[in-house]
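Participant: From first to last, the protein sequence lines are chains A and B. Per the numbering used here, residue 116 is the first one in the first sequence, and the count goes up by one each step. Per the numbering used here, residue 3 is the first one in the second sequence, and the count goes up by one each step.
Keep in mind that the hints were calculated from the coordinates and are not lab data. Just so you know, not all the hints are guaranteed correct.
Pairs of lysine-lysine residues, derived as DSS-like cross-links and limited to a Cα-Cα distance of at most 25 angstroms, are as follows [what the hints assert, rightly or not]:
hint, chain 1, residue 1, chain 2, residue 2
1, A, Lys495, B, Lys34
2, A, Lys219, A, Lys350
3, A, Lys204, A, Lys358
4, A, Lys398, A, Lys118
5, A, Lys118, A, Lys350
6, A, Lys416, A, Lys358
7, A, Lys398, A, Lys350
8, A, Lys350, B, Lys34
9, B, Lys59, A, Lys495
Given the structure is predicted, the values throughout are model-derived calculations rather than measurements.
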Amino acid sequence: MNKIFEIPLYSYQRSDDQDASSPVRHPVVVIGAGPVGLAAAIDLAQQGVGVVVLDDNDKVSFGSRAICFSKRTLEIADRLGLGDPLVDKGVQWNLGKVFFDDRKVYEFNLLPEEGHKRPAFINLQQYYFEEYMVQRVRDLQEQGAPIEIRGRNKVSAIGTHDDHVTLEIDTPEGSYNLEADWLIACDGAGSPTRQMLGLDFVGRVFEDNFLIADVIMEADFPTERWFWFDPPFNKGQSALLHKQPDGVWRIDLQLGWDIDKEREKRPENVIPRIREMLGEDVKFELEWVSIYTFQCRRMEKFRHGRVIFAGDAAHQVSPFGARGANSGLQDTDNLCWKLKLVLDGQADESLLDTYDVERIHGADENILNSSRSTDFITPKSEMSRVLRDAVLDLSEQYEFARPLVNSGRLSLPCTYEGSPLNSADALNGPERSAPGSPCPDAPLGDGYLLPQLADRFTLLTINADAPDSFEEAGITVHRLALSTQDDKTRALRERYLGDNDSAVYLIRPDQHVAARRPSFDDSQFRAALRRAIGKEHSA
Amino acid sequence: MNHQDQLILTPNIDRADDFYADLLSAHEGLSKPESDALNARLVLVLANHIGDRDVLKQALAAAALNKGE
Ligand SMILES: Cc1cc2nc3c(=O)[nH]c(=O)nc-3n(C[C@H](O)[C@H](O)[C@H](O)COP(=O)(O)OP(=O)(O)OC[C@H]3O[C@@H](n4cnc5c(N)ncnc54)[C@H](O)[C@@H]3O)c2cc1C
Chain A
116 MNKIFEIPLY SYQRSDDQDA SSPVRHPVVV IGAGPVGLAA AIDLAQQGVG VVVLDDNDKV
176 SFGSRAICFS KRTLEIADRL GLGDPLVDKG VQWNLGKVFF DDRKVYEFNL LPEEGHKRPA
236 FINLQQYYFE EYMVQRVRDL QEQGAPIEIR GRNKVSAIGT HDDHVTLEID TPEGSYNLEA
296 DWLIACDGAG SPTRQMLGLD FVGRVFEDNF LIADVIMEAD FPTERWFWFD PPFNKGQSAL
356 LHKQPDGVWR IDLQLGWDID KEREKRPENV IPRIREMLGE DVKFELEWVS IYTFQCRRME
416 KFRHGRVIFA GDAAHQVSPF GARGANSGLQ DTDNLCWKLK LVLDGQADES LLDTYDVERI
476 HGADENILNS SRSTDFITPK SEMSRVLRDA VLDLSEQYEF ARPLVNSGRL SLPCTYEGSP
536 LNSADALNGP ERSAPGSPCP DAPLGDGYLL PQLADRFTLL TINADAPDSF EEAGITVHRL
596 ALSTQDDKTR ALRERYLGDN DSAVYLIRPD QHVAARRPSF DDSQFRAALR RAIGKEHSA
Chain B
3 MNHQDQLILT PNIDRADDFY ADLLSAHEGL SKPESDALNA RLVLVLANHI GDRDVLKQAL
63 AAAALNKGE
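Same shape as in the complex, but just chain B (with noise of 0.2 angstroms):
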């Protein structure tokens, strides 16, 4: 497996601190039915830019934080 295909599992976002508080402000003043759909159509959109299915894979993966895989 080369380097592209490589699901990144270590620090990747410039500012980690800045990008969370994004993430929550996207969420501000949401009802939970509004937050669960924006949550999902940012999955969707950061799945396009991903593209590969052999990291959306080890993304699906490290999300189900099955220890052990």
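So here's chain A without its partners, still in its complex pose (with noise of 0.2 angstroms):
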């Protein structure tokens, strides 16, 4: 039977573009199919703005390579219409076990917080996820909206202007030339895009070399995570194992940076490990082994004129935390509203700077979380080590110690906190749902919150008065008036109230809060609108 990543999903079609006399414009060109790029493309075409996706491939990811995917990726895809078939096909667990050395040292229950739609994560290939993005390019290809995705074409240059981009693309059949408003380049950590243009790649950089393996048990295996810290199997290193769908089992071995990787590729070097790893009377077989070098970096800048980056393309981070897919997903999020607004016209093209503020924001975020699990994971010093193995051994039989245990954060999204596009905080509300934070969830009568918030400016209301919509620079913000009486769970007030009896937020069409007060004030909320579209610098 032939795996999903070995069926091409987008072959290669002549497009009436490679016949055209000139090169024909699009408003908007994305390089590279990954989830990023598919990402970007799926948001802007839901709203309309004619989008070309190119791709040197013509497959889903080769591998299983992602397979955690966050809440807020979750939260995401929901907006992008496809959530429900990655949560029906993709897997839950709550239960984790640590072990270091030869022994199992404590085991944790996630326990999730209650009242939201999506689970903290789930474990998918990420095969799977791009499929399922490829699904509704096709979806909406149907419904007539302006997207479509041209497999084996590969850019091999691109011309910067002040306001277009030229792409000279290579296909099976010769190359040709298109131009774009906008170019989004997702193509991947090892981007052309960047080294077509001359563009760094730096920061603090960690090397290190991860055996993945994909297994197939026989055996009831339970859900779990679990996760060793200088097991026996793989001295001085660490093990992940951790549940895919379709009994499927991916385990992580990490190698070091001083490694043959052929050599540490053989069944017959690779087989020994997992036995001793999974126990001997353990029935697996091998699916998949590959070898991976991880980087943690950042582009300076994400925007450069009319060329926009976006996930591995604009920054790279080490495995654990997973944060990669899910960061680059929080990156599109993050952008496509903003360049929905400029292609309108709506909004002035600085307001894409703020991309770069908030995402880079983000970025960092995510490179101090990985770095500080790959410096307890992999410790640098004698006294690093001899403070982690303190910290492991003390988790053993005390519980406080266990919170300084560091196998990888779970990735949550990013709080833009001092971002030029919020508005001061007028509430003294509670810090989860502060100016920059995207919108915890919270049961809404049979259905939840979030799904209400997507895709537009929002005035939330709990227990206020306010207008049911305004208008402000071109934009219509529309009301979302609730109250506490129908808030059983008590969620809505723990979230967006706290000691207040009432509260006003204006929302952003990525969910993040722009600005909230106590209740509506009709210049401040326009202020803060904007504020939130780059329109009034003054806080």
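Join the two chains into one complex using the hints; note that each chain is given alone, in its own frame.
Facilitator: As structure tokens, then:
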């Protein structure tokens, strides 16, 4: 049977653009049909923006790659119309076990907070994630949305101009040229776009190799996450065991930097290690083995005129904490509504500089978190190893040490604290919903709050009066009127009111809070809206 | 900064000689790596007891013997 990642999903087809007498201009061209490029394209197409995705391949990601998708990613996926298939197929787990040397030191139950539509995260092979995205593109096409994926279209040259970008594209039938008002480069960690434009990719560099093995187990094995520090079968390194759908298990073995990759990959070297890891009597089959090399770094700026970088092309992190694809989806979530306003002439180009500000903040947070995990998992000095081992030894007996154990922190959405788009916080409310924060979900009648907040500016009122809508700077803001009388679980109160009796929130199309006050104030909220689209600069 | 946020750097241990003897005897018979591990665990246990990040920062600075800070 062929694997999904071996079947072309967007085969090469000749486009009319290849026969045009002069290069055709598109509003947006996306390079790369990975999870990030596809998210950008779906987001824009849903808003009616014409978008062409170019990829030099014609298949989904080879091998499973990313397997942990966070709640925020699922919430964004809901907005993109593909949350359900992801969650239906994905695996959920709550129990984690931590091993040190040859023994289990403790286990934990994640017990995620109640009252959210989506789980804290799911495990799912990246190829499924991408397959569902391609399916969503097909559905949008059927509905007449202006979106195209062009397989085996390799971008080979880029020309930048003040108000557009030119592209040279190689196909199996020769090359052609295109123009784009805006180019979004989602062409992965090795980003040819970055190289063609001669741009930097700097930062603190960690280098490490991981052996990734997907195994199929015959026996019933529990749906848990197991993490080993310094295990006997991988001395001085770490190991991770994680469940995926279809009875497939992901095994990550950290190998260090100075290794013989070809030798490590051979089944006669891999199988004994896995046997030692799982126990002698567990039967398994090796499905896929690969070695990955990771680095932690980012571009100095993500926006370069009309070229905007997103996903791995803009930043790369170590795999601990599953931040690659998850942060890439937050990039496009942040970018697409801004780009739409700019394309419609409702905001100035400078609004896109706030994509830089907000997402560089996000990238730095991710790099910081994954660097800290790396420092814990692979201590860099003798004393850092002594301290790390002390934490692990203590964690076996004392609860206090367990929060210090760092085998990768769950990827939480970034709060755009201090963003120029935020208005000063005028509500002494819960910190988790302060300006810049992604809105926390809450139960709402038979459904949930977040789906009500997507894709446009919303005025969320809780126990407060306000007009049903207002228009400012050409943008209509619609009100969502809620009351704590319907708040049976008290989640709305806890997450949005705190000790206040009422509150009014201005919420961005990407579900981040722009402003909040105890009650509606016409001029304050008009100013907040102008500020949120980059048209008001004083705080 | 109120009183509780302030690292105590004046004598505060009751019967200091006894405590010091306890500390030495905890290390008695241990190899250097075992002693290092014990010290590390002790630091973590004490740090958790203190908990307050401001006090911990002051403690780190005090232990570094950076005069004039
Ligand atoms: C082993 C492993 C485990 C991981 N685990 C996780 C995890 O659990 N959670 C998580 O969030 N992330 C994880 N990641 C990271 C995640 O896989 C990446 O962050 C994610 O794939 C990045 O998506 P992207 O769309 O930016 O780039 P990519 O997926 O790399 O896609 C780039 C695309 O650009 C195309 N392209 C490149 N050059 C050109 C060109 N010249 N012309 C046209 N097209 C081009 C490529 O064909 C490719 O399709 C993991 C990665 C690995 C390797």
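Participant: Confirm or reject each hint.
Facilitator: Cross-check of the supplied hints:
1. Distance hint between lysine 495 (chain A) and lysine 34 (chain B) is fulfilled; the C-alpha atoms sit about 20 angstroms from each other, no more than 25 angstroms.
2. Between the alpha carbons of lysine 219 (chain A) and lysine 350 (chain A) the distance comes to roughly 16 angstroms, so the proposed pair stays at or under 25 angstroms and holds.
3. The suggested pairing of lysine 204 (chain A) with lysine 358 (chain A) holds, with an alpha-carbon distance near 13 angstroms, which does not exceed 25 angstroms.
4. At most 25 angstroms may separate the alpha-carbon atoms for a hinted pair to count; lysine 398 (chain A) and lysine 118 (chain A) meet this at roughly 22 angstroms.
5. Between lysine 118 (chain A) and lysine 350 (chain A) the CA atoms are separated by roughly 34 angstroms; this puts the pair beyond 25 angstroms, and the hint is violated.
6. In summary, the hint linking lysine 416 (chain A) to lysine 358 (chain A) is not supported, as the alpha carbons are separated by about 37 angstroms, beyond the 25 angstroms threshold.
7. A C-alpha spacing of about 23 angstroms is found between lysine 398 (chain A) and lysine 350 (chain A), which places the hinted pair at or below 25 angstroms, so the restraint holds.
8. Of the supplied pair hints, the one linking lysine 350 (chain A) and lysine 34 (chain B) holds, its CA atoms being roughly 22 angstroms apart against a limit of 25 angstroms.
9. Taking the CA atoms of lysine 59 (chain B) and lysine 495 (chain A), the gap is near 22 angstroms; set against the 25 angstroms cutoff, the hint holds.
Comparing the model with each earlier hint shows violations of hints 5 and 6; every other hint is respected.
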